[in-house]
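Novice: Whenever a hint applies, use it, and build me the whole structure from the sequences.
Chains as they are written, first to last, in this note's numbering: chain A, 477 to 535; chain B, 959 to 1511.
No wet-lab data here; the hints were simulated from the structure. Model, not experiment: these values are computed from the prediction.
Which bits of chain A does chain B cover? Going by a derived footprint, with three or more residues having C-beta under 8 Å, they are:
{"no.": "1", "region": "488 to 498"}
{"no.": "2", "region": "512 to 524"}
{"no.": "3", "region": "528 to 535"}
From the three backbone atoms N, C-alpha and C, an ideal C-beta is built for every residue, glycine too.
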Amino acid sequence: MDYTADKELDDKLQSLIEAYSTNASKVKNDQESYLDHVLDYINTNIIVSGEVMSKQFTI
Amino acid sequence: MDKQYKVIHYKSSEDVTSELLQKGFIEDLSTTQNKHFKFFDEYFRYHKIQTVVLEYEYIDKDYLDDYSFYYSKCFINYPKKCCRAHFFKSSFSKVDFEREILNNFGTEVIKAEETKCKSILSNSNYVGFIVFRPIPLTLIGRTCLRPYCNDNGDYNREYLIVHNYKVNLFGKTLHVRSLAFQEQDRAVSACATSALWSAFQSTGVIFHHSFPSPYEITKSATKYFQLSDTSFPNKGLMLSQMAHAIRAVNLESLTVGFINRSYMKAFIYAFIRGNIPVIIGMNLIDHRKLTKPIEIDFHAVTSSGYALGLDEGSDIPFEIVGKQELFNSKKPPNLFLRSSRMKKIYVHDDQIGPYSRIIFDDPKSQDEVDYCYRSLATHWSDLEPKYEHVRAYPNALLIPIYNKIRIPYVSILQIVIELNFCVNYDLFTNNDSEAKKFIVWDIYLATVSDLKSNLRKENFSSPVEKLNFLTSDLPKYLWVVDGIFKNVKVFSFIFDATDIEHGKMFLLSIHYDSPNSLKFKSIFNILRNKPEVFDSVHRKVQIILESYSDIKI
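Specialist: Below, the structure written as structure tokens:
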């Protein structure tokens, strides 16, 4: 196995450090509101509709 | 001897149906011009079937149950014995067959003949059997046929719901890996019962419950939830009734609505990887060219496997909140799940056959864009001339699970979405999510024994870590999240699927021997060590970050 790490990961590491340094005050809000947004979407849509619940699977 | 069995050379399903006609199983050959026989013709051509052994006077346990509770009470005298057809890839005559059967009982044969016999009735030549029921129109009873081959060039077929069936043919023991299938009989069962019956063939093996017959399934489903229709003859079941039939075998029923294709793939993948079948409820609609689409009806099928794209190009972003939706005027980071590589699902569709395909296709024309992403292509139009373009609109998934599997898939997905947001925060702030794929997450259910057997073959970052994992005391059911970078697994997070939802859930992280291990550890260390990041995530994610940082590489 070639034990040279992928160079792409060096760039990724650097880019992540910069993103967190320049947006330190926004991280918590971004993270929390994004997750709320996603969970809202999932919880609204994951429920089987009343119409489907009342149908018979017949054929 | 033809009364008990017959050996026939197979060219098409007509060779079998003409025998069934002679024996009075069918009234005329038009009965056999339906979707099933067309499907089986295609299936047997694929497997290069050459010989069929018909075993008359066969008593089938499931049909006998239905017979004793329903058909025996009819005025017309329906027979109680079936015909079982065994399919072989080898070509042999009646004489060869008899010699092999006798050989099993100790009759002397010369060496050369012995070798020949071994090759004709071996498991490698045996493709499985179909039981034909002696009732009008709905002939196809318990059917155990092996799946199609796994490798197909562009994608890999994975049938994880099959298990071993031991077959006794006049004293000769044969084995076939399959998931049993049968057609609804429109009296004791409709499609919903048949789908449940196939699912129970698998859950009965893994969760050790009884194997109810179609009659018993319909009866338990309709016990407390009566319909305006009669329970018998049965015209179909509602989801709540199907859920009740699942509870009757001491399992829990998980019902999930259709969110979009990504979620559907994710759920099916996660549970099938854990060897648990998923029943798919769908609405079938025929999209005709010259007239308006025609709604056929609601249909239920049981998934037995899936096909996954092999190359990295098959990774498509997961539609977390639907298509093209912006968040805070920016595109959220793309989430890549391995399940999104799914191209097809293989289902036991009682109206078609076992391992019938449902395809996640792309629109072929502008007209199809509207409905294509809400529906899937089916096999129906190829086999039934009265339909032009039948598409399946999935509307619910019904998953029979053991009651100790308590942590829902969505809880694990939520953790992965949170982690994915953290490791791709740079793309979010630069509004650069479109182009980049970083980690592909693989989320699935596993038993501790399967996981340990599989991971025993993997190289961990240290032998001590591997030994610790293999000898550790872990719960029976686990949720596993693998992190994959450029098609190589880098780490795994293991969760207790039997925990309570507000518990810790997370058990341990595993780090694999990879050239990128240290770099990944550095990336996760940033998330762990920067207070603004660490404090922004839920406690469940913090525990994972702490565990990852503690691993010694």
